[in-house]
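J.: Listed below, chain by chain, are the residues.
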Amino acid sequence: MEGLLTINNVWMMICTALVFFMHLGFAFLEIGLTRQKNTINILFKNVFIITMGLLLYGLLGFNLMYPGDFNGYLGFAGFGLSAPLVDGALDLAYSEGYTYWTDFLFQGMFAATAATIVSGAVAERIKINSFMIFVVIYVGLVYPIAGSWKWGGGFLDEMGFYDFAGSTLVHSVGGWGALIAIWLLGARIGKFKDGKIGAFPGHSMPMATAGVIILWLGWFGFNGGSVLSADPGLTSLTLVTTCLAAAAGGVSSFIFSSLLYKNYDITMYLNGILGGLVGITAGADQMSPTDAILIGVIAGVIIVLGVALVDRLRLDDPVGAVAVHLICGIWGTLAVGIFGNLAGVDQFVTQLIGVGCYAAICVVSSFLIFYILKITIGLRVSAKEETEGLDIHEHGMDAYPDFGLNQQ
Amino acid sequence: MEGLLTINNVWMMICTALVFFMHLGFAFLEIGLTRQKNTINILFKNVFIITMGLLLYGLLGFNLMYPGDFNGYLGFAGFGLSAPLVDGALDLAYSEGYTYWTDFLFQGMFAATAATIVSGAVAERIKINSFMIFVVIYVGLVYPIAGSWKWGGGFLDEMGFYDFAGSTLVHSVGGWGALIAIWLLGARIGKFKDGKIGAFPGHSMPMATAGVIILWLGWFGFNGGSVLSADPGLTSLTLVTTCLAAAAGGVSSFIFSSLLYKNYDITMYLNGILGGLVGITAGADQMSPTDAILIGVIAGVIIVLGVALVDRLRLDDPVGAVAVHLICGIWGTLAVGIFGNLAGVDQFVTQLIGVGCYAAICVVSSFLIFYILKITIGLRVSAKEETEGLDIHEHGMDAYPDFGLNQQ
Amino acid sequence: MEGLLTINNVWMMICTALVFFMHLGFAFLEIGLTRQKNTINILFKNVFIITMGLLLYGLLGFNLMYPGDFNGYLGFAGFGLSAPLVDGALDLAYSEGYTYWTDFLFQGMFAATAATIVSGAVAERIKINSFMIFVVIYVGLVYPIAGSWKWGGGFLDEMGFYDFAGSTLVHSVGGWGALIAIWLLGARIGKFKDGKIGAFPGHSMPMATAGVIILWLGWFGFNGGSVLSADPGLTSLTLVTTCLAAAAGGVSSFIFSSLLYKNYDITMYLNGILGGLVGITAGADQMSPTDAILIGVIAGVIIVLGVALVDRLRLDDPVGAVAVHLICGIWGTLAVGIFGNLAGVDQFVTQLIGVGCYAAICVVSSFLIFYILKITIGLRVSAKEETEGLDIHEHGMDAYPDFGLNQQ
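Protein chains in written order, with UniProt numbering: chain A, 1 to 408; chain B, 1 to 408; chain C, 1 to 408.
Here chain A stands alone, though its shape is the one from the complex (with noise of 0.2 Å):
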């Protein structure tokens, strides 16, 4: 009925669309955790990432990542988009729940994605050029490629992996790639001194939570659009799942956070949401309402603790992405086998096999596009740049030219 697909094409337009303004939130969520003198820098980094990842995802990435037949590891369905035509027009008959066009955007839109969690931890110190370089292939390759193992219907997905939305293929696939990143890059100058943490508070708590905010609406599109259709029953429990997770990871961090430090700490609750978020995504069509609450509360003290592990491991994140992608994006992936639906023992085990897949093919690329750039052309801005702020070096402005003291 060419009205169903009309309307379920309607939510995926839509979700899509979501999904898309999630670049918004992430680039909010960015400059208002890190310090002014870095704003255009990561502004421009994002901007790169959502312009040139649609371009890559349009000339390879789709047909790498949906390549039809395949060995279930590597396929390619050619460069370039062909939509498929009955008699000149459109083939309708493509899927019930969206038309090639739709499919292609939606799918698009997520890939930019996991380079964009990549782009806040490495904030603040990477080089440009290094960074572009890494997108280019992150997106353009490595994402797709992993993607196509499951939603591709690769050997994971034949294996029974589930990852309803991206926990793994798009959080953790990012939150890998931001963990060899931060790795090979080292800390920002004075972040780690004489064996203590230095603080380091960003610039715009206003744009940190209008960023959270965002993103929780694009999570309406990101969840919501997973179901790849509009069927009522299902889309409506994944939209209730996800804000439950994230009402959950929020409470919980905040609390647990306070309880730990003494103090009510925003960017915990904002992580907290995040985390809860990123938490529900593999299963947010598989859980009950407490599932959901139970899966976010964790993800809150799971997020306090993983802020705390990363500098305890000398890493230095700026915009806690390690915790909220990958750590949270691994507890949602084997969330699945514990609570909802799938809950099982051999679920389990399979979602730890998909985890182990995507943590190889992930540190392994990263790691090799990061070693090689930085024996190259080098990953890291100079310590007179960093300390002058990438925003003049590379691109010889300051992102508030005419405000307070600098007003004409």
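Treat the hints with care, as some may be off.
Since copy identity is lost for identical chains, a pair holds within one copy or between any two.
To be verified - In the BS3-like style, the derived pairs of lysine-lysine whose C-alpha atoms are separated by at most 25 Å in a straight line are:
hint, residue 1, residue 2
1, 196, 374
2, 196, 384
3, 193, 374
4, 193, 384
5, 262, 374
6, 384, 262
Read the hints as simulated data drawn from the structure, not as lab findings. The structure displayed is predicted, hence computed values, not measured ones.
Add chains B and C to chain A, keeping to what the hints say.
T.: Relative to chain A, chains B and C alone:
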């Protein structure tokens, strides 16, 4: 027909997302109109309201507000969410307009709004612990019980009281709480001194403006979703009346205030828009475009007079919440008896009774909550905290720690 | 089938909301690229445009633009909105794609856009009263009359002129007004001095970036809604071409400007994205992905050259409105004759004629309006006001009265 449920449910889910997004609008508006030193505190309150509000609404609010068959005054369908099932699957016959899950989430997003309205009024001086306790009781108990009287099919519904999307049930419920709160709290230090009214102009007009535009956008969902289906005639009429009332409220407030004060005051323009939106909310589906414009024009004038009146009463309302949400909420509720399809003396009297009932429950309950808090843990921060800012004292942090002069 | 109308109408209402949201995008972009001292003035203009614009479009614009049967040049169906009724209820047979109300509101959101484009160009020096008078005439009369020539079924429509979503009807209509305005207004003090071009770099790159991302999001509705139904193939193709052109415009502008100026300039990247969006707008439903990318790439180059050209002509356009909306608007309109389904010499000539007709009406009418304003109440604020800022002089207030050094 399942197709129709699917369409309706898509519309309701989108409206849910838009109402969720209003929380960013409220946050931006409140921090924009208050001082820099209390920014994190306000953001924290807003994040608390949306996260804790959703959890509470799931735990008990939804079942207090929609108890099914009840005595018309107080009913409770039990703790937690219990989706109606048929053969283990969600019963899609629950409603033609939405699924059980969508119903919960849409209403849950509304619930948090009432508390957010109070948040703005008490800004810059309330103890955060006291405010959080108020939120838990007001969102968890008062709002849903009061709501059940009309939307849950209670005695005011039986009597013919009409409140389409909540001029009274949401906005004046928040507004009464705000009024009682600022009366018990007292004014900010320096606001009323030597018979003069001090100017506390806020710290970011761009954020205030962005907040209002986001709130207007959110009202597409707030009113549009209150049709409770995607009925093409009703939803689109509702959007037209909503937008025309907003536009008329803004223009009217701008013209009236510039005649009165010889100044093009952006905050009056913005509050006029909000006044128009609150004013149309009770009858957005019952008005013609001309009615909507008239309701908006009057709301715009009310805003200008209302803000002056609140000042005259020596009540300190940093964001104009009482004028916008309480006074225009009452205006909108009464307007249902004056304009549009339901106009008539009987309806007007019924509307008055409804306004009175909500005044009673809200004034009594907020007074009890705030008064008990005041004589126990206290409502107000110390003069030192207030002067130096709540951000440093309650959150150990400035909202812009690396900005401008603070830059590292 | 009523179900199909319901779906289509849901899509159109969402697109309406997205186009409304573009007004926040425009506001953020404009204030981001201008100086702090003129921020409230710009916000005020934007709020005026959307509120007064909607009222005017309801009063007369809609019936000037869609007069029904008319001579093809000028028609008017009467003041106010008159919904078609059947037995007292809204006639749902009005269209298969939307109701009468949705039609009005979607078109009303478009109408205000043209004036907003002018707002950016004249920023920081125009008298607000003069600007408001211009808006009333341009949105109330010029835009809808010009629009009727094509979208109202007028002579250009009969001739086969094609402008899917308004590269010409919206963007170049605004762009011509901007060009005439900045020519009559003159440059800001200090912009062109001793043969040099002064740098006036704006006060917030985060806001400028957020503005562009919000505008891109809004374009999902601007172009997606211009299908005038939720047709799955056409709407989704339109979103794909829109996003690819935006991405290609940004990347092309980035690469071209960094080769030319040896600098990674974020404002060029952002304007490149906008150029791509404006460029694809005339033919977004007629292009293949490859066509869209090519149109975007060329738009990105045009932006870089266009901004330089405007400077060379000693015209002062603070936000690059002429390059983005006028030059890329013309480019997009002509591109319909070069790429995609309609490509051909005849079509190209028709497109040229259309561009010329719109140039004529817009240049003549904006010249008349601005010239009469100039010789009567004056167009420009005093040198003192301009130097000290329009916020203090026209609005009695700073945009950040309690921020940084201003903090109380």
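J.: Each hint needs a verdict: does it hold in this structure or not?
T.: Evaluated hints:
no.: 1; hint: 196 with 374; verdict: neither (27 Å within a copy, 42 Å between copies)
no.: 2; hint: 196 with 384; verdict: within (23 Å within a copy, 31 Å between copies)
no.: 3; hint: 193 with 374; verdict: within (24 Å within a copy, 46 Å between copies)
no.: 4; hint: 193 with 384; verdict: within (18 Å within a copy, 34 Å between copies)
no.: 5; hint: 262 with 374; verdict: between (41 Å within a copy, 23 Å between copies)
no.: 6; hint: 384 with 262; verdict: between (37 Å within a copy, 20 Å between copies)
Of the numbered hints given earlier, the model fails hint 1 alone.
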